[in-house]
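Q: For any residue, its number in this note's numbering is found by taking its place in the sequence shown, counting from 1, and adding 63.
If you're looking for bench data, these hints aren't it; they were derived computationally from the structure.
Please note: incorrect hints may appear among the correct ones.
[As the list claims (entries may be wrong)] DSSO-like, lysine-lysine: derived pairs with alpha carbons at most 27 Å apart:
#	residue 1	residue 2
1	312	323
2	264	288
3	288	210
4	295	312
5	78	288
6	224	295
7	331	115
8	309	323
9	185	295
10	232	264
11	67	312
12	185	115
13	232	288
[Said to hold, decoys possible] Each pair of labels, with its calculated beta carbon distance range:
#	residue 1	residue 2	range
14	335	180	20 to 28 Å
15	68	253	43 to 51 Å
16	335	292	24 to 32 Å
17	97	254	39 to 47 Å
18	307	160	40 to 48 Å
19	116	157	25 to 33 Å
20	268	159	17 to 25 Å
21	323	99	23 to 31 Å
22	335	227	21 to 29 Å
23	319	256	16 to 24 Å
24	313	68	31 to 39 Å
25	234	145	23 to 31 Å
26	256	327	17 to 25 Å
Glycine included, every Cβ here is placed at the ideal spot set by N, Cα and C.
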Amino acid sequence: MSVKRLKLSDLKLVKEEDEILGNFTSVRGKYAIPETGKAGFYKLNGCMIGGKNEEDLRELLSSRIMDIIGFPHADILLVSDEKNGNGCLSMSILNENEHFVETEAQESKFKPINNIDDFINKDLEQISIIPGITSEDLRNRKEYLLKYLFVSALISNTDVKMDNMFMIKNDVTGEFRNPEYYDMGVAFVENRDFFYNFSSKQIIEQLYELYPAQVVPFGNQIQEKLKRTDIKALLSEESFETFSEKSKKSITNQLFDTMKLIAHLNAKEKNHFRFGTDSLHDAVKGVNLSLRDRVSGYLSKFRDNILGRDIDE
64 MSVKRLKLSD
74 LKLVKEEDEI
84 LGNFTSVRGK
94 YAIPETGKAG
104 FYKLNGCMIG
114 GKNEEDLREL
124 LSSRIMDIIG
134 FPHADILLVS
144 DEKNGNGCLS
154 MSILNENEHF
164 VETEAQESKF
174 KPINNIDDFI
184 NKDLEQISII
194 PGITSEDLRN
204 RKEYLLKYLF
214 VSALISNTDV
224 KMDNMFMIKN
234 DVTGEFRNPE
244 YYDMGVAFVE
254 NRDFFYNFSS
264 KQIIEQLYEL
274 YPAQVVPFGN
284 QIQEKLKRTD
294 IKALLSEESF
304 ETFSEKSKKS
314 ITNQLFDTMK
324 LIAHLNAKEK
334 NHFRFGTDSL
344 HDAVKGVNLS
354 LRDRVSGYLS
364 KFRDNILGRD
374 IDE
């Protein structure tokens with residue numbers, strides 16, 4: 064599938080970059096597409112460290128992969144600008160009457176992140192102080208964070224921070240929801256770590272070890288839907304022809320290695336459940352998530368010890 068580049072001069076500027084919520088290094092304004100009435104954030108190539116002037120293609124490729132695995136995301140449109148060169152539009156994910164909710168939990172802002180639990184707990188601390196947030200909102204948020212981290216590791220997008228996943232509030236209903244995935248300009252960039260500590264593979268391994276009840280079904284979904292042939296077909300499309308051969312090779316190797324790891328973890332005996340995980344989730348959805356995950360991990364290890372298996376094999 065080929066994606067035609069839009070001309071920035073054909074679009075309507077509706078908001079200057081300094082009027083846009085959040086701190087962005089690549090956004091150069093919000094533009095509307097007259098024919099559709101939809102608007103997106105224009106992101107200029109060359110503004111992200113390691114992006115190699117290919118940020119637009121990295122965003123588009125990431126969105127296409129999320130289409131395949133069924134994870135909601137911002138739509139990406141390629142754009143050309145006669146003055147500044149190529150870039151993309153990251154289409155707005157806000158619906159009518161919705162807005163992003165910024166947090167102000169300064170006391171937890173600079174806490175060190177030593178593992179994914181630190182990241183999740185820090186996020187939930189900040190979300191919990193938003194007026195009107197319920198325990199169900201927090202439970203949904205944690206489920207969202209686990210999948211968000213998994214997808215980020217799959218596409219090697221290390222730009223994981225609150226600015227990229229603000230909660231969204233509907234001003235009419237008062238309801239909150241988690242955002243679709245956006246901001247993938249540094250996806251597949253090599254030699255970048257999560258939280259300055261972990262590789263993509265290490266993040267995935269932590270997710271399987273700490274939260275198997277939630278992560279294994281998602282991992283199986285990814286394995287079933289995303290194949291090597293899909294990656295090869297995507298990168299051979301006309302839309303990605305300006306990717307350098309070095310980038311194509313690097314991206315292919317990264318994805319193949321990560322997909323191999325996911326398949327290996329899915330195949331581990333301790334990740335095979337006698338009962339469907341959906342049924343288990345429904346049965347214990349009122350139980351504290353941290354307690355549920357600790358018990359799940361303990362029972363898996365206990366069973367393996369009884370059977371005389373090496374839990375790390």
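Q: Compare the structure with each hint and give your call.
A: Tested hints:
1. Using a Cα cut-off of 27 Å, the hinted pair residue 312 and residue 323 holds, with the two alpha carbons roughly 16 Å apart.
2. For the hint linking residue 264 to residue 288, the alpha-carbon distance of about 19 Å falls within 27 Å, and the restraint holds.
3. Distance restraint check for residue 288 and residue 210: the Cα-Cα separation of roughly 15 Å lies within the 27 Å cut-off, and the hinted pair is therefore satisfied.
4. Straight-line distance between C-alpha atoms of residue 295 and residue 312 comes to about 10 Å, which keeps the hinted pair within the 27 Å bound.
5. Distance restraint check for residue 78 and residue 288: the Cα-Cα separation of roughly 38 Å exceeds the 27 Å cut-off, and the hinted pair is therefore not satisfied.
6. For the suggested pair residue 224 and residue 295, the alpha carbons sit about 30 Å apart, so the restraint of at most 27 Å is broken.
7. For a cut-off of 27 Å, the pair hint linking residue 331 to residue 115 is broken: about 38 Å separates their Cα positions.
8. About 21 Å separates the Cα atoms of residue 309 and residue 323, which keeps this hinted pair within 27 Å; it holds.
9. With a C-alpha separation of about 38 Å, the suggested pairing of residue 185 with residue 295 is violated against the 27 Å cut-off.
10. Restraint check for residue 232 and residue 264: the C-alpha separation of about 33 Å exceeds 27 Å, so the hint is violated.
11. Distance hint between residue 67 and residue 312 is fulfilled; the C-alpha atoms sit about 24 Å from each other, no more than 27 Å.
12. A distance of roughly 32 Å separates the Cα atoms of residue 185 and residue 115; the hinted pair therefore is violated under the 27 Å criterion.
13. With a CA separation close to 32 Å, the supplied pair residue 232 and residue 288 exceeds the 27 Å bound.
14. Between residue 335 and residue 180 the C-beta distance comes to about 24 Å, which sits within the given range of 20 to 28 Å.
15. For the pair residue 68 and residue 253, the beta carbons lie near 26 Å from each other, so the given range of 43 to 51 Å is not met.
16. Roughly 26 Å separates the CB atoms of residue 335 and residue 292, a value that falls within the hinted 24 to 32 Å.
17. In this structure the supplied range 39 to 47 Å holds for residue 97 paired with residue 254, their Cβ-Cβ distance being about 41 Å.
18. Between residue 307 and residue 160, the C-beta spacing of about 43 Å keeps the proposed range 40 to 48 Å intact.
19. Take residue 116 and residue 157: their Cβ atoms lie about 29 Å apart, and the range 25 to 33 Å holds.
20. Checked against the hint of 17 to 25 Å, the C-beta distance between residue 268 and residue 159 comes to roughly 41 Å, which is inconsistent with it.
21. A hinted range of 23 to 31 Å for the beta carbons of residue 323 and residue 99 is inconsistent with their spacing of about 40 Å.
22. The supplied range of 21 to 29 Å is broken by residue 335 and residue 227, whose beta-carbon atoms lie about 34 Å from each other.
23. Between residue 319 and residue 256 the CB atoms are about 20 Å apart, so this pair conforms to the stated range of 16 to 24 Å.
24. Separated by about 24 Å at the C-beta atoms, residue 313 and residue 68 break the suggested range of 31 to 39 Å.
25. Between residue 234 and residue 145 the Cβ separation comes to about 38 Å, which falls outside the hinted range of 23 to 31 Å.
26. At roughly 21 Å, the beta carbons of residue 256 and residue 327 sit within the given window of 17 to 25 Å.
The earlier numbered hints that this structure contradicts are 5, 6, 7, 9, 10, 12, 13, 15, 20, 21, 22, 24, 25.
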